[in-house]
Structure formats: structure tokens, C-alpha cells
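Chains as they are written, first to last, in our numbering: chain A, 282 to 501; chain B, 282 to 501; chain C, 282 to 501.
Wrong hints could be hidden among the right ones.
A pair holds if it fits inside one copy or across any two, identical chains being indistinguishable in the list.
Restricting the straight-line Cα-Cα distance to at most 27 Å, the calculated cross-link-like pairs of lysine-lysine (DSSO-like) are [unchecked claim]:
#, residue 1, residue 2
1, Lys-471, Lys-413
2, Lys-341, Lys-461
3, Lys-413, Lys-399
4, Lys-471, Lys-461
The set of hints was computed from the structure by calculation and includes no laboratory data.
Please read all numbers here as calculations on a predicted model, not as lab measurements.
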Amino acid sequence: MATSASRPGFLSRLMPSSGGALFFDLFEQHADRTREAASLLAAMLRGATTDPARQAERVKEVESQGDEITHTVIERLHQTFITPIDRGDIHELISRMDDVLDLIESSSERIWLYEIRKMEPDAVALADVLEKAVEEMGAAIRGLRDLKDRPRLLAHCTEVNRLENEGDALLRRAVAHLFKEGTDPIHVIKWKEIYDYLENAIDRCEDVANVIEGVALEYS
Amino acid sequence: MATSASRPGFLSRLMPSSGGALFFDLFEQHADRTREAASLLAAMLRGATTDPARQAERVKEVESQGDEITHTVIERLHQTFITPIDRGDIHELISRMDDVLDLIESSSERIWLYEIRKMEPDAVALADVLEKAVEEMGAAIRGLRDLKDRPRLLAHCTEVNRLENEGDALLRRAVAHLFKEGTDPIHVIKWKEIYDYLENAIDRCEDVANVIEGVALEYS
Amino acid sequence: MATSASRPGFLSRLMPSSGGALFFDLFEQHADRTREAASLLAAMLRGATTDPARQAERVKEVESQGDEITHTVIERLHQTFITPIDRGDIHELISRMDDVLDLIESSSERIWLYEIRKMEPDAVALADVLEKAVEEMGAAIRGLRDLKDRPRLLAHCTEVNRLENEGDALLRRAVAHLFKEGTDPIHVIKWKEIYDYLENAIDRCEDVANVIEGVALEYS
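Go ahead and model the full structure; you've got the sequences and the hints to work with.
Following this line, the structure appears as C-alpha cells:
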């Protein structure tokens, strides 16, 4: 005879424990993809890749994996009865995480598409900040699972905020350089767009940190 | 003597049937406006209009009608006690639908404002994809009313996603062309903006499809 | 002996009166900062400032104060049990208000960063509209506190909408001018971005007005 315990579909909709762990698993898997994409992009901007088209393709593959994870989170959100953290926060969190990964992919795509040969030193510095912000964001996400070490989780969020400010200052300098040296408007147009994507990616890391901070406060 | 039945204001706030039908009516009316706007824009980009200023004005008129419908939905949402689908989903759905129509209007306005005389072939291809995406989005919206044929509704959503990918590939090619031929930076600036609007319009169709998919899953 | 009345933390989480007043206080403080920033920006665009770097820095300081207020609102939102208006509306309202202030700051930063010496007359007109829109938005926000004079509150919201339309028409003219006179693509790139920030700032005022309108309707 089938008991309710033998019906995992039914159970997973009701039991917060299993459903909860699933959401945290998916968040961490998504954060891992973002870290991979950020590191591929940084290599590209450091001029460490010989084949930009292939590198951009690899970032695209990682981004597609992230998309699938996001899709699974949203699907599960609609099917799960009791969620470990607020339903709206889960949706907001994975949406903002997905924005970060999308913007990293857009950056690498433009570098390839615009046939950028010589990288701007300012862009390398920005990519470094993005890589660090993604790292700290991932650490904050891993802290969500049990919320035991809240001060440490909040410290990671604060660090993301600090990195966003650092990125902001870097971007201002980069854009000023661009217009001072920029005798070629086409060069200016291309790099302004790449800088915009990099800046937005870092900004969205801050959005993710803000959502996490909110969750940590709510469950305190 | 006045009975509660003679007070439609009171009734419409409580009865899901009438209020529910109203929301679906408004969604479909909005989708019809978007289809009309997309078709006016496509004609413009195919070079089939003799008076771009007048055509842009017509798109603007259709967009204003869409605005009014959106406003009515939000007003009714605040006044209605029981809604046929989740309150937040209704708000998200009509907001994203309105984004699509806004971006179509922005595209046609720029073509007129920038005094574009010769259309880019890539833009025509993008307008075709947008028209199809708007069509599929409309079909998905019509499927929301009774949710009887869920597989068909989801097939329309999947088709919007496929079209968004097609649009993405087209846009990449269009931008690459632009920079390869682009000896005139002003020409590049103008067309990059128009392409951005077209791409964003298609992206927002995908957002609408995602909301609809979520609703279909929630009520399954 | 400690009574619950002597525990303000506990009380402020339960009592809507004190918590409610606090939210309205914070909204009004934020609106005051935005008005200050808009007026500093307008002075900059009228060419009434001798030191653009210092003026942009002052706008940045005001924006940081706004950030802190926003942060406090969101922190309190997570800690407060009963809110005077819908929790989601509070979040949406302060987020959109913060967008307005951010975009004002971005505008002034670009003017300084791009070393703009000669202001465009169209930009002065746009700044005037932005200043008025911010003023009307602030009046609508002040009306939220008791919702006694709802017609007046709604009139302020309608005025923001009218100003947004006026700004739209101005922007269209400004961009047309830019491309007609624009023999220098770098000049076009710089001013298009500043115009975009100004337009977006006015658009976000309309978003704020829409949230307020929604709240006024909900509590009618």
C-alpha cells in the first residue's frame, strides 16, 4: 500500500526540510556558474585567451546552465507549498543572481562581437573587482543555508557593497580616460558599452547582497 | 429598496466571476493593441510607409490606448477583493505587457526622430521576429482565461522563448554588420539605439511568457 | 519591573502608530534630499556653478544621505510587524524614490566627468521640468501621511504625469537638435547619455506617483 511517504512529489510540496535544502542547493549551483563565468571573462580582459570567439562561447554555455537553474528554482517555487524563506525573496534573489550572470555573458559577447584586440587596462581592473564581488556574493549565498553565522554573512554583504563603490570609482576613471584619449568615436562607443555591462554586473551583485541582507534581518 | 445585487460597485469588488472576466478582457485588449503597434512598426521598417512622422504618431496613439488599459487594470486591481489569479501576477503581467508596447513605440519614434531614410535589412528581420513573438504572446494570454488547454498555452510560451533566441542571434549579426560597415559614427549611434529597443521589446515578450508560464504552473 | 511599554524595540514592532509615523518621516526626509539634489543639478545645467567638480560632489553627498534613509526604511520594514500601508508598497515606493535620486546624481556626475563646459539650452529646460516633477512628487508623498485630502494628493500625481509628458516632448526636441547640429560624434555621445539620465529621472518620478496613486486608491 502506498503511504504518503512513498510519494515524493506530494512530500516535497509539503515538507520544508527537503524543499528548503533544494533551494539552497540551486542557489549555490547558480553562484558557482557565475564564479566560473566571471573568471572566464577576466581571463579574456587580461588578454590571456587566444581565441575570443571560443571563450565567449564557453561563457555562453555557463550562462545557459545558470538559466536552467533559475528556471528550476521558479518552477519549484510555484510547486512548493512551504518555502524555507519568503517566496518573494526567493524569486527576487534568483532573478538578481541571474542578472549578474547575464551581464557577464553580455560583456564577453561584446568583446568578441566588437573584435576587440587590445584590452583597456581600466577594464582589467574592473574585471578584478567583478571577480571579487562575485566571490563575496557566493560566500554570502552559502551563508543563507543555516543563518548560524549571521555576522559573517553580513560581513560578506558589506564587502560586496565596498567593492561596488570601488568599481564605481574605477569606472569613472575608465570613462574619463576613454573620452580623453578617444579620438575614435567608434572605439568610444564599443568600450562605453563594455564598461556599462561590467558596471551593471557589479551593481547587480550589490542587489543580490541587499536581498540576502534583508533575509538575514527578517529571520533574526 | 436597494439590495446588494443592485449595487454593482459592491458586487464587482466581491464576486470573482465578473472581476475575473474583466481582467482577462483587459489583457486581451492590451495584447491586441500591441499586435497593432508591432505591425505598424514592421511596415515602417520594411520601408512600406510614405510618411514616417504620421506612422510614428499612429503607433503613439495605439500605445496611449494601451496605457489606459494598463491604468484600468491597476485601478481595478486595487478595488477588487477577489482576483482570478494572484494579485502580484496580474500586476507583473500587465506591467511587462506595457513594457513591450512602450518599447515598440520608442522604436518607431526613433526611426522618425532620427530621420532614418534607408532601412537596414537586419532591422527588417528583427521586426519580423518581434511581430511573431507578439503574436505568440497574445495567443498565450488568450489561453490564460480558462487554462483548459495548458499544453497549448505552454507551447506558445516556449515559442516566444525560441523567438527570443532567434532575435538574439539576429541582433548579434546586425550589430557586427553595423560596426563593420560603420564608417559614420552618427549612423552607428542611431541604429544601435533602434536595435536596442527592438531587442528589449522581444526580451520583454519573453518576460510576459515567463509570468504566464508561472501562472499556468501555479494553477495546475 | 520592566513592562512591555518600557521596551521600545518590542513596542515599535507591534504598534502601527509609531512605526507608521516613522515610515512617513523617512519618506519625507528622502523627498527633501531629492529636491535638494534636483536643485543643485539644475543650477549646474543653468551654468550657475563655477566649480562643477565640487557641485557634483555635493550632489553625491546628498545622494549618500538618501541611500542611508532608504537603507533604514528597508531595515525597519523587515523589523516591523504591522505597517501603516502595504509592506510591498513601502518597498516599491522607497526603491523608486531612490532611483530618482540616483539618476539625478548620475546626471551631475556625467556633466563633471565629461568636462562639459557649455550647457545645451534644451538641457536647462529638461532640468526645469525635473525640478517641478520632484516638487510635485514631494507634495504627493507628504499627502500620504493621513490621506485626508485625497483629491489634492491625486492632483499632485496627475501633475507629475503631465510633467513627464512635457519632459518627453522636450527630450524628443533635444535629441533631434543634437543630431542636426551634431557634427562631433563625441559631443553627441556625451549629451545623449546626460539626456537619458534626465529623462529616466523624470520617468521614475512618474513611477513614484503611480505607487502613491495605488496606495491612495487601496485605502479609499
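Cross-check of the supplied hints:
Taking identical chains as interchangeable, the C-alpha atoms of Lys-471 and Lys-413 lie at most 27 Å apart only when both belong to the same chain, with a minimum of 25 Å there against 30 Å between chains. Proximity of Lys-341 to Lys-461 under the C-alpha cut-off of 27 Å is restricted to the inter-copy arrangement: shortest distance 23 Å between copies versus 33 Å within a copy. Proximity of Lys-413 and Lys-399 under a CA criterion of 27 Å is satisfied intra-copy only: 23 Å inside one chain copy versus 39 Å between copies. Taking the shortest Cα distances, Lys-471 and Lys-461 sit within 27 Å of each other both inside one copy (15 Å) and across copies (12 Å).
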